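2 protein chains.
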Amino acid sequence: MKRLSVIDSAFLMLESRETPMHVGGFNLFTLPEGANEQEFLHGLADNMRTAESFQSPFGDKLKVGRMGMLGPLFWEPDTSLDLEYHIRHSALPKPGRFRELFALVSRLHGTLLDRNRPLWEMHLIEGLENNQFAVYSKFHHAAIDGVRSIHLTQSMYSADPRERIHDSPLSMAARERYRAALDIPPPSEAQLRNVAEMLKSTFDSSGHMLGALRQYAGAWTGSNESLTVPWKKVPASSINTRVDGARRFVAQSWPFARIRAVGRALDGTFNDAVLAMCSGALRTFLLNHGELPSESLKSMVPVSLRRPGDIDSSNAVGAISADLATNVKDPIRRFHKIKASMAAGKAMFQDMSSSEAALFLQLIQLPGLALVPLGLATRFPPYSTVISNVPGPRQPMYWNGARLEGIYPASIVTEGIAMNITLVTYDTQVDFGVIGCRRSLPQIQRMIDYLEDSLVELEDAAGISWAGAAKAAPEAKPKAKPKAKAKPKAKSKPKAKAKPKAKAKPKAKAKPKAKAKPKAKAKPKAKAKPKAKAKPKAKAKPKAKAKPKAKVRPKSRSK
Amino acid sequence: MKRLSVIDSAFLMLESRETPMHVGGFNLFTLPEGANEQEFLHGLADNMRTAESFQSPFGDKLKVGRMGMLGPLFWEPDTSLDLEYHIRHSALPKPGRFRELFALVSRLHGTLLDRNRPLWEMHLIEGLENNQFAVYSKFHHAAIDGVRSIHLTQSMYSADPRERIHDSPLSMAARERYRAALDIPPPSEAQLRNVAEMLKSTFDSSGHMLGALRQYAGAWTGSNESLTVPWKKVPASSINTRVDGARRFVAQSWPFARIRAVGRALDGTFNDAVLAMCSGALRTFLLNHGELPSESLKSMVPVSLRRPGDIDSSNAVGAISADLATNVKDPIRRFHKIKASMAAGKAMFQDMSSSEAALFLQLIQLPGLALVPLGLATRFPPYSTVISNVPGPRQPMYWNGARLEGIYPASIVTEGIAMNITLVTYDTQVDFGVIGCRRSLPQIQRMIDYLEDSLVELEDAAGISWAGAAKAAPEAKPKAKPKAKAKPKAKSKPKAKAKPKAKAKPKAKAKPKAKAKPKAKAKPKAKAKPKAKAKPKAKAKPKAKAKPKAKVRPKSRSK
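Line order of the protein sequences matches chains B and C. Residue 562, in this note's numbering, is where the first sequence stops; the numbers in between run on with no holes. Residue 562, in this note's numbering, is where the second sequence stops; the numbers in between run on with no holes.
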């Protein structure tokens, strides 16, 4: 039996019929050449069911102690695991477009997981057009976070289209195979000592913690203008309202290089560009509803506190509160305000160890979660929305020969925060999943168009253009223009994406020595020098992860 | 706003994630000749969505007063009704057999309805073999009971295969059309006076109530041996156990005349024969698990307290507790013990008015429901199982030309009562739906075989045989032998049924003057003389409903 952490337990305690606390999404695949859909999917299901010992969380169910849900909670092996229950075959009604897929995923994401069983489900979905199929899966957030779910995804699939994996992806064997492939050396004597010190430090009133709390206090009192803190000046909007249990889900991909180009052109990070893109879309969404607040929306931006090589922790995640500058019309000024806000948020973690950071985040997050049962979250939302960036595999992946075309995440909607935008970087693309409360945000599918419009607005303002990029840098020519499969309504569909083939691939692997840092991916100004490399003791610094070396800097175009 | 009755509210208060309190099932249809499945189903959905004013419960959502769920509850119109949410398109994975349909229905039946919306869902299911499609619907039991759901079914469909209904079946117009077709005269002055008297009587300590309570007390003290009361000698068994939220569902049809023949041959009713058939199946089920209790199982048998012509009340249902005599090996003796127990149960209602009966049933039922939240139901189940017989339309029905092939009900599993058997009489057949807790009753699908075996056992014991019946009475020759569509595995599928064409149809319509009586359908010994006819004041007597005149008495065959 393994005891759940306070944060993991909180996701269970705060769950209601209106706010299911599971994360998930769908993975899109193309069937291998000549494969029969029905046989292939049954083959995948049968293979998964061969597992005998299960990697977490597939085989573990919740055990509630004598004090009930408010007391300590544990994971224990489910001795009567019913895999037929967890692994399901589903189908789309005709014509099997993404519209039908989104409707099914919206529904599946709106129902609660059964707490009497391990907290996950997997649906093999047939009936898609174009020789594709989808796998929707959901996991309780108490059992898994976005990064862990990506590790699970990677451990299930292979980078080799010819590879056939014979052990069940749910099994311990799959986990061991994956861990071995990560090529991480066992912890050294020195590292172990560091971990011990970190553990000790969580019980210290260390100087670092004091520094962070001082900065945090400064934000409240106004002495630190860039740092946004929860609840401070969070405006009311239609996104911040009561929610019920039904969901709407849409998904779409954009080329990674395209968004990164915006970040570079404006001297910011990929993540800054993502936030600016979302900010513009939210601005349009609210403007079109005639209710853009004069105060800027604030977004929670989860950051990973996971140590490289740690593929097991369920929730190694903290949060920065970013000012989205939705009240700023000029896209360049908006971008820079967001960038400054993110930098201030990350600076706070700079001198903290990962465990200090985790403790700190528990301190500032939990009061927000506690508002939910008190019914106050809609009146005092700690943030306006959540925008979460989860790093996925940076190369094409295959499941027994079926090409993984995209990883579209569906996350959590909570009381007072009716929309969540989560994105996964996969291969050369960025896969967005937008989920919202079905009742409060009936037009959430328009966000896909608004995101595209916002990206174009940023490109125009920065004097770059994506179509131009390909011309300027022939080695980065799109592998395929928006595919023929994309129908007239293509823009709102995941496959409607230009896939650039950036020659030099960003390095996918995390450096083993850069421990537990909030990952600000592809930070252009770091010029490929991860600062943490030589430091023996892990400090929580924003990590310049895997700086891509591709010369895809697009030619400027003045308008 | 309409206030919910105590019983209706109880279904909401007692609901949990483990025990959803909705009823439903699937209707099976054959597409009209030459129809395109996708177009036809979208046509049905579009037609339903045209409604502007809704008949109950389609347009009403729950309103909780200031005292919360424990205070009074109300129905109020949902001003932002989202029909896209309630009416859904689904599809079966290939090969689209009944097996895949049962799996989907099991899943759909295991999720809770959204209390922020009107408490119903309807799923148009495509992808079935043999040019068929299915419509799964679910309604909260607080909003509807089995009889009302059959009225809804009938109001949606037509007896004329050529009829195309243009008003939405969800609309008030559909309800009015149906009500007019029922041809019930408006209540007379005398009837209104009777209703007033009945209302008054619910506040009296009337003699009838006293008589019933006296009988009830007699059963507890042993002075009335035939009358079974809740909790009295209910044995422990694997059916009476903790449940969780997941379900297993199976369905199958039998010819009405075949089951009725058993009842007649043994001088009992159709309903006695149904109970004996279920009893034998349960006996085999428990024997095969090596755990047949020495005490007999007791079944709750709901009886309708609905007045003919009352198509609106949500829960006009009471209950008799029947001794299933599962500890009796001899099928004839078992049959007679069941029959005696049912007669004693019904006699108790004989001299009560419908409102007295309702009040009485609330008195004896509610303590059982109250056990559930106290966690005592598994230790002291008030019954072993529930066997419910819902009268459906007695002629073939059509939905815009699509023939309704069967009405397969899925009911409620509660804490301590992990199996429910509900049957609907439709056209010339009886459609059984068996639902159980997925975890506690993993082999519930075997009940279909056991029911057939049990029916054969009763036929053998009574010296009759179904195959022989057709030969002996040529006018009752089966219209179609088990259809060609029925595959090798036919026995566990709803279509694997012999459809006899009984020339003289049982009268489908309820007599307007026979008010509010527990309906014991097709009671053979009543020789077509509904006793209530001449009585001015409605008494709660078992009604000899619509005695079939077909001479289908099968020739006896000694073995």
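Treat the hints with care, since some could be wrong.
Copies of the same chain look alike in the list, so a pair counts if it works inside one copy or between any two.
[What the hints assert, rightly or not] Taking lysine to any residue and the SDA-like style, the derived pairs with C-alpha atoms no more than 25 angstroms apart in a straight line are: (1) Lys236 / Ala184; (2) Lys66 / Arg336; (3) Lys66 / Arg118; (4) Lys5 / His292; (5) Lys97 / Arg52; (6) Lys66 / Ala249; (7) Lys97 / Arg69; (8) Lys332 / Glu40; (9) Lys5 / Pro80; (10) Lys332 / Glu21; (11) Lys64 / Ser19; (12) Lys64 / Ser443; (13) Lys64 / Pro445; (14) Lys236 / Glu132; (15) Lys97 / Leu86; (16) Lys5 / Pro238; (17) Lys66 / Pro445; (18) Lys66 / Phe77; (19) Lys236 / Thr287; (20) Lys66 / Ser12; (21) Lys97 / Glu36; (22) Lys236 / Ala470; (23) Lys97 / Asp85.
Note that these hints are calculated values from the structure, not bench results. Computed from a predicted model, the values in this text were never measured in an experiment.
Now the hints, each set against the structure:
Taking the shortest Cα distances, Lys236 and Ala184 never come within 25 angstroms of each other, neither inside one copy (46 angstroms) nor across copies (62 angstroms). In the homo-oligomer, the alpha carbons of Lys66 and Arg336 never lie at most 25 angstroms apart, since the shortest distance is 51 angstroms inside one protomer and 47 angstroms across protomers. Proximity of Lys66 to Arg118 under the C-alpha cut-off of 25 angstroms is restricted to the intra-copy arrangement: shortest distance 9 angstroms within a copy versus 28 angstroms between copies. Within a single copy, Lys5 and His292 get their C-alpha atoms no closer than 48 angstroms, and across copies no closer than 35 angstroms, so neither meets the 25 angstroms cut-off.
Taking the shortest Cα distances, Lys97 and Arg52 sit within 25 angstroms of each other only across copies (19 angstroms), while inside one copy they are farther apart (29 angstroms). Taking identical chains as interchangeable, the C-alpha atoms of Lys66 and Ala249 lie at most 25 angstroms apart only when they sit on different chains, with a minimum of 18 angstroms there against 28 angstroms within one chain. In this homomeric assembly, Lys97 and Arg69 never come within 25 angstroms of each other (Cα to Cα): the closest approach is 49 angstroms inside a single copy and 45 angstroms across copies. In this assembly of identical chains, Lys332 and Glu40 lie within 25 angstroms of each other by CA distance neither inside one copy nor across copies; the values are 49 angstroms within and 50 angstroms between.
Taking the closest pair of Cα atoms, Lys5 and Pro80 come within 25 angstroms of each other only inside a single copy of the chain (10 angstroms); across copies the shortest separation is 48 angstroms, beyond that limit. Taking CA atoms no more than 25 angstroms apart as the test, Lys332 paired with Glu21 passes in neither setting, with 35 angstroms inside one copy and 51 angstroms between copies. In this assembly of identical chains, Lys64 and Ser19 lie within 25 angstroms of each other by CA distance both inside one copy and across copies; the values are 19 angstroms within and 19 angstroms between. Taking the closest pair of Cα atoms, Lys64 and Ser443 come within 25 angstroms of each other only across two copies (17 angstroms); inside a single copy the shortest separation is 33 angstroms, beyond that limit.
Proximity of Lys64 to Pro445 under the C-alpha cut-off of 25 angstroms is restricted to the inter-copy arrangement: shortest distance 19 angstroms between copies versus 35 angstroms within a copy. In this homomeric assembly, Lys236 and Glu132 never come within 25 angstroms of each other (Cα to Cα): the closest approach is 46 angstroms inside a single copy and 58 angstroms across copies. Proximity of Lys97 and Leu86 under a CA criterion of 25 angstroms is satisfied inter-copy only: 20 angstroms between copies versus 28 angstroms inside one chain copy. For a Cα distance limit of 25 angstroms, the shortest separation of Lys5 from Pro238 qualifies neither inside one copy, at 40 angstroms, nor across copies, at 38 angstroms.
Within a single copy, Lys66 and Pro445 get their C-alpha atoms only as close as 38 angstroms, which misses the 25 angstroms cut-off; across copies the closest is 22 angstroms, which meets it. For a Cα distance limit of 25 angstroms, the shortest separation of Lys66 from Phe77 inside one copy, 5 angstroms, qualifies, whereas the shortest one across copies, 37 angstroms, does not. For the identical chains of this complex, Lys236 and Thr287 are intra-copy neighbours only, at 20 angstroms inside a copy versus 68 angstroms across copies, given an alpha-carbon limit of 25 angstroms. In the homo-oligomer, the alpha carbons of Lys66 and Ser12 lie at most 25 angstroms apart inside one protomer (11 angstroms), although the nearest pairing across protomers, at 31 angstroms, exceeds that limit.
Taking identical chains as interchangeable, the C-alpha atoms of Lys97 and Glu36 lie at most 25 angstroms apart whether they share a chain (22 angstroms) or sit on different chains (20 angstroms). In this homomeric assembly, Lys236 and Ala470 never come within 25 angstroms of each other (Cα to Cα): the closest approach is 39 angstroms inside a single copy and 80 angstroms across copies. For a Cα distance limit of 25 angstroms, the shortest separation of Lys97 from Asp85 across copies, 22 angstroms, qualifies, whereas the shortest one inside one copy, 30 angstroms, does not.
This entry does not satisfy hints 1, 2, 4, 7, 8, 10, 14, 16 and 22, going by the numbered hints stated previously.
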